[in-house]
Amino acid sequence: MLSAADNTLLVQTDPGTGMGDYFRRFWQPVALSAELPLADGAPLRVKLLGEELLAFRDTHGRVGLIEPKCAHRGADLFFGRNEDCGIRCIYHGWKYDITGKCVELPNVPEGSAYHNNIHIKAYPTREFGDVIWAYLGPPERQPAQLPQLEFGVVPPGHRFVTKRLQQCNWAQSMEGALDTAHFSFLHMPAPTLAKNDTMTAAADERRIGWLRNDPLPQFKIVAHDAGFVIGGSRHADAGQLYWRITQFMLPAHSITPSAMPGETYYGYTWVPVDDHSCWIYVYAWHPDRPLAEAERAQYARGGFGQFAELGPGYLPLRNRSNDYLIDRQAQKTLSFTGVRGIAEQDAMAQDSQGLVADRTREHLSPTDVGVVRFRRAMLDGVKDLRAGTEPAAAQRPDAYRVRAGGAIAAAQEPFEAVMQARFGSPTGIVAGAVSGVVSATATNPQHNADSGSLSEKAAP
Amino acid sequence: MLSAADNTLLVQTDPGTGMGDYFRRFWQPVALSAELPLADGAPLRVKLLGEELLAFRDTHGRVGLIEPKCAHRGADLFFGRNEDCGIRCIYHGWKYDITGKCVELPNVPEGSAYHNNIHIKAYPTREFGDVIWAYLGPPERQPAQLPQLEFGVVPPGHRFVTKRLQQCNWAQSMEGALDTAHFSFLHMPAPTLAKNDTMTAAADERRIGWLRNDPLPQFKIVAHDAGFVIGGSRHADAGQLYWRITQFMLPAHSITPSAMPGETYYGYTWVPVDDHSCWIYVYAWHPDRPLAEAERAQYARGGFGQFAELGPGYLPLRNRSNDYLIDRQAQKTLSFTGVRGIAEQDAMAQDSQGLVADRTREHLSPTDVGVVRFRRAMLDGVKDLRAGTEPAAAQRPDAYRVRAGGAIAAAQEPFEAVMQARFGSPTGIVAGAVSGVVSATATNPQHNADSGSLSEKAAP
Amino acid sequence: MLSAADNTLLVQTDPGTGMGDYFRRFWQPVALSAELPLADGAPLRVKLLGEELLAFRDTHGRVGLIEPKCAHRGADLFFGRNEDCGIRCIYHGWKYDITGKCVELPNVPEGSAYHNNIHIKAYPTREFGDVIWAYLGPPERQPAQLPQLEFGVVPPGHRFVTKRLQQCNWAQSMEGALDTAHFSFLHMPAPTLAKNDTMTAAADERRIGWLRNDPLPQFKIVAHDAGFVIGGSRHADAGQLYWRITQFMLPAHSITPSAMPGETYYGYTWVPVDDHSCWIYVYAWHPDRPLAEAERAQYARGGFGQFAELGPGYLPLRNRSNDYLIDRQAQKTLSFTGVRGIAEQDAMAQDSQGLVADRTREHLSPTDVGVVRFRRAMLDGVKDLRAGTEPAAAQRPDAYRVRAGGAIAAAQEPFEAVMQARFGSPTGIVAGAVSGVVSATATNPQHNADSGSLSEKAAP
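Chains as they are written, first to last, in the working numbering: chain A, 1 to 460; chain B, 1 to 460; chain C, 1 to 460.
Mixed in with the good hints, there may be bad ones.
Just so you know, same-sequence chains aren't split out, so a pair can sit in one copy or run between any two.
Unchecked claim - Under the rule of at most 16 Å between Cα atoms (straight-line distance), these lysine to aspartate or glutamate pairs were calculated in the EDC-like manner:
#	residue 1	residue 2
1	K332	D40
2	K332	E83
3	K383	D204
4	K332	D58
5	K383	E205
6	K332	D84
If you are wondering where the hints come from, they were derived from the structure by calculation, not from laboratory data.
In isolation and in its complexed conformation, chain A is listed as follows:
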């Protein structure tokens, strides 16, 4: 449970807000590279963090991200001609390069001071992992390198990337990713079935059984330089525990908990559009081999894992406007929800909390420990920034090269040992990462190995 003030602070990311300032310390995805496929191609409207911007790929393939209003009389550069290393306003031909400099002003006499002094707002961009990233913060704080999320580091053939629009505030959707307790309900097949039609490829029947039979997983959290890793353990067979391990990286990245050793990894990154919607960039990658054509086809088709079936504008076909095409008969007989698709089930649950979840009326449970930790991390980050402390994670790109997934271990095995055995490190950082220093998890017990104390709320 949060105060109304903290709830507001958590969710709002427009320019001038605390969380907006915090997000602007990090590189953000602004589009898929595939959305700007061609040099001098059609420009693309982009909105993030409450800012309406225009992206275009210039003659040399570089991506510009600019405020789309011509400095002359405010015509929309979206309609502009993208030609010869710049975008030209259709009204009177003023032309801007990717830095926002106005390089041609045909209706201004020679000799005018305008010729070297007109600029529009522009943000630096980079491409990484088939995604265009931008930095919207103060230039002097710009991180030198993008977060080295592993999906972007592997060869292009090893990954698949897309995105989808989520019709609610970013923070409650992010919380859904960090709350793996909901797997025991939201994504379950109907009680009469052993497996879920939408989960067959991602989880076997045994795992479904463990998830269904233990709705009260035990959680451990270990902090690291980019965020924290959450392990949720459920009773498995023969006295063992089934661990589902999730990564959170500041400000809004996550890796999902399903991948067993050797399986494909999945992750996602949230980008607020405005306070009532957000983009979720979704990626699959395999560190060791290219993805097969069948896998890519499955992801592109959607309705599999975090890959939703998409309609125009990357909006899932099953969405808020059509109640996710909930099928009440299927809810009786096939799945817990009657909604097809894990991504769509998540969207339904998260959207259903409202355009912005009201966190002042909650009754949190110990299984919400990841959610609580996330909120604390974000609110601490914002308050620290306001007090002058920059977010350290923004300057630690290699700390983002972490993995997450599932593991089966003996009941007495500590979480750190499970992590070491599964990933080769107690935090999930990839062994080969150039950097990857893990903060000492013992020195700050308040921020590490947190096992369920809910500082927000007295335990029930």
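Keeping the supplied structure of chain A fixed, place chains B and C upon it in accordance with the hints.
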């Protein structure tokens, strides 16, 4: 004409408003029973008096009416599983019974105080007359019995019930029902025709002639324990009067004035959805015989009397968004309006006053006496309630068992005598009603037998 | 660049605003005559200057323009019966003539004072040039005559009139008409082509070349009694200048600069609907001959010059909601914009400045001199009116009989001489106009022959 303050007081029914408090002293229709046909079936979104609620029929057939936000983290229980005497949140499986008690919390450890202390808001419901009713007021004021409207008291085969959405404030729509003077225009066939294509079954040609030829009916009003009855008399043939008699029962029920002795009765009940729309529950009943299949088919098809032709969501096919499909050629040649259907004509006239009628700019006429009386009754009721006087009608369920309709009488016959002859009582109460005490109409002349003095407004 | 206060003053025309008062001193188009084709036909909803009104043609063919709320209880007279010299409310039959007088009140007793004292708001109307005009200002200021725009003065066979909806504030759209510098870009064929598919009939290839090759025309402005005329000169062949001459008449009329001697003239008039949209009445006329059927067909089909291709409600098919069907491939190869139609290109540029252009962030150029002059004229007019000085132009109807178009002249020829040669007068007034006195252009150099000093903004 009302002051702006009284207009606001009259129309607003959200929680915390004066009229909202007043309505909450009475049982309200919340859905047709047919909208929740099955035990453990799909739940139903319901909105009334500005509250967004969820109705569901549990395993035992009982109807729950709850606030649809899960107490855990606010997910929408509309998507929940309706199973085993409760509705279960799809996010983490919390389950609520029809009283709003959270009876299962799977992700909360045993022993937590949560297990017996989580409740969400729930309202008591009953079924009567194929309608689900709820009481949204303070529990200590809950009337023991539903209003014994005759359509609900007769055997099920004797009635037909449906509803329709009206796209304006409830009060101006209610006024339309109490203002029978408009029959001389709104529902007339074109001046060149003797009968209206939409009225043939409800009124014969003679009646059309009387309505058309006397646009200035004379009104009498008699109060009773549930509200009041209005008689409007027009000149008929041979010096007789044609009386059209309408019932109003607090806070928003009415019986229509068309039924001649032996004919089917019609009534309706208004329920505000919000300040800009309302439900109208519409019912036909015959005290003496089951309704014929042909009658039911006609009502179900719509376009007959108060039964509109309905599209999805019980919205009339001819509605505000399409100008009621007004046909200007038909307006020249077939009907006064060019709009098909009496219910649709009413909707057009009422909607056209605005989403909320501005009663500060009116010029009322003596034929508006029923409208004036209605406003006074409602405003007095609200003001009395604020001063601590509960509405007596809410505790007089039997006083609602009244009838209304048409009569032909000698010109010198007083209204009370016409009532006695037509209905067996001066107020229209059904002789067999258990209770039915009529307040002395002579003792309070200001509130009884009101024949047109407009306290709101100097007579023109 | 304007201050925020002046921007607001310029754009807002609702009742009670300064610019709204100013517009209300002039007759305004409210509908095409063709929208009310028949006596006693269907009435027409009209909105202008923020007022929602109802127009109807009565039995004698006269047009009424009234507030559409019945004085009785506010029902919408749009649904009324238009019959026998009045419009009759469908609710209780009150009937209004074109002056707004309530001439029948069937449900009001004889002898009531209502019978001679009920009026609703009504505005005087006239028809001229196949357009219905109305005067919405104070009666004592009503100009005796409509502005004698030449399209309305010529025989009906010599003109074609239509209108289109523009989805932005009126003032920026008006500015687009006065800013002929944009022809060098917005309406150009692609750089690789010699002619524009949308311009072939209006301009020959030589003119296209001159426009394309000189994006920095030189402007001269001459004031006259109805407004001012702007000449923009570009380098043509053999040391000559190509003049494009545009008329502006208060408060919002213009004549386009393309017509060469002997060609058809084009003009348009803006009428604000509200602050976010406006009507543009568009007309073609030939002073000397009837328009040919082929010309009429081309105008009616649209996609030619200022005649857009129209969909329902006179909304252009290519509009704000569909990004004007911009074709990025066509933008590479066929035209500067990839949008078909000059009117549509203008709409795109003007809409793209926002629902209301933000004039506080501009960087004006010397080619914006017409825009600057327009703003100054309007803001001066509003401020003068507030100070008690009525707009003189409203009382000079003959001063509106002016022409504009193109001319080719020797480089040393002064603008006034070019005008005299092309139109027979230095201001473009038609020689045969009854009146047509031209204000001495020499006595007030600040308001005349303005050649580019931008009092709003230091020259760049």
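Here is what the structure says about each hint:
| no. | hint | result |
| --- | --- | --- |
| 1 | K332 with D40 | between (52 Å within a copy, 10 Å between copies) |
| 2 | K332 with E83 | between (57 Å within a copy, 9 Å between copies) |
| 3 | K383 with D204 | neither (43 Å within a copy, 66 Å between copies) |
| 4 | K332 with D58 | between (53 Å within a copy, 14 Å between copies) |
| 5 | K383 with E205 | neither (45 Å within a copy, 65 Å between copies) |
| 6 | K332 with D84 | between (60 Å within a copy, 12 Å between copies) |
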